[in-house]
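Read in order, the letters of the sequence shown correspond to residues 6 to 324 in this note's numbering.
Bear in mind the hints are in silico, worked out from the structure with no lab data behind them. Take the hints with a grain of salt, since some may be wrong.
Said to hold, decoys possible - Quick list of simulated restraints, FRET-style, between CB atoms:
no.: 1; residue 1: Asp89; residue 2: Asn282; range: 49 to 57 Å
no.: 2; residue 1: Asn288; residue 2: Pro189; range: 50 to 58 Å
no.: 3; residue 1: Thr106; residue 2: Glu231; range: 48 to 56 Å
no.: 4; residue 1: Thr106; residue 2: Lys283; range: 35 to 43 Å
no.: 5; residue 1: Lys159; residue 2: Val264; range: 19 to 27 Å
Every residue, glycine too, gets a C-beta built ideally from N, C-alpha and C.
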Amino acid sequence: MSFIQELREEFSNKTKKPKELKKSTFQKVFRKVFWILLIFLVTKSVAGDVFKKEKEMEIPEIKIEQQKPAAIAASFTKEYLTYDIQKSLEQVKDYEKRVKTFSADYIKLPDLTSAKANSEVKNVFVYDIERINEDQYNVFTKADVLYSFPKGEKKKSSIYLKVPVGGKDGNFIVEDTPIMLPPPEKINMEYERFNQGEELYITEANKVKEIMENFFTTYCSGKPTEISYYLSNGKPTKGFEGRFTFLNIRDFRVYDLKVNNKFKAIAFVRLRDSISNKEFLQNYSIDLIKKDGRWYVEKLNLRGGNINEKYKEVKENGK
6 MSFIQELREE FSNKTKKPKE LKKSTFQKVF RKVFWILLIF LVTKSVAGDV FKKEKEMEIP
66 EIKIEQQKPA AIAASFTKEY LTYDIQKSLE QVKDYEKRVK TFSADYIKLP DLTSAKANSE
126 VKNVFVYDIE RINEDQYNVF TKADVLYSFP KGEKKKSSIY LKVPVGGKDG NFIVEDTPIM
186 LPPPEKINME YERFNQGEEL YITEANKVKE IMENFFTTYC SGKPTEISYY LSNGKPTKGF
246 EGRFTFLNIR DFRVYDLKVN NKFKAIAFVR LRDSISNKEF LQNYSIDLIK KDGRWYVEKL
306 NLRGGNINEK YKEVKENGK
């Protein structure tokens, strides 16, 4: 029964208990108005907080319109390159059904009667998307394929495809046969050694190195509260918790950035996988700050070279 219907019924019966009805009706109306106002205020407050937080969040740029064509192309690639040596008509129909789920019915599929191995796609990656117009995309996919031969031999290989995807009313489908592509050409990248600010002399650098060795030892095996001892913000921070073991620092350099007691350390760190015992080399660029005679870690960064950063002096009063 709605609020209006309740009021109508109460007022239609007012001749039976006029005084009691008047009081009861007023109380009910007051309670309902009170709850409506309360819900409105709470909803407004919560919504305000939510929208405020959304504005403060840093959301990376993601092209939403590319997600559907990318998903269709990836699904198509997996089914298109997954097949068995054809032994029956049912297998042929199963392959066609799987592929046509993501492609137009008029597309001609390959004849698999000549296949000498079963093919299974293990992974599919979309590594590029080319927009033709509002409803057409060329999606570049890479498929990691495992081939199984009748005598038990197995072979791994990768296939690159350029998949034509078309859309209508927000839905997409593979609109023509894909074409095979050669692997993307490997580019030549020059490595530029970090050389900003003024490099510390080896005596001072070794003192900082010893602190960083203690830090990485704690970062690999210590508790969050122990790690916080080395951090400029002093906040408990989760580390590897024994998953990796710190071995040593093979190469270490420190640069005075001449800005607000800030320094940059370049550390080539050796870690060991505690499960497989394999060693890994990690190149870190570490933001350091020196306060009251102590060294603190501000941030661990990727890359020991090719670092393009500019440092601006920030005064204590924020101006």
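Hints broken by the structure, by number, lowest first? Result: hints 1, 2, 5 break, sorted rising.
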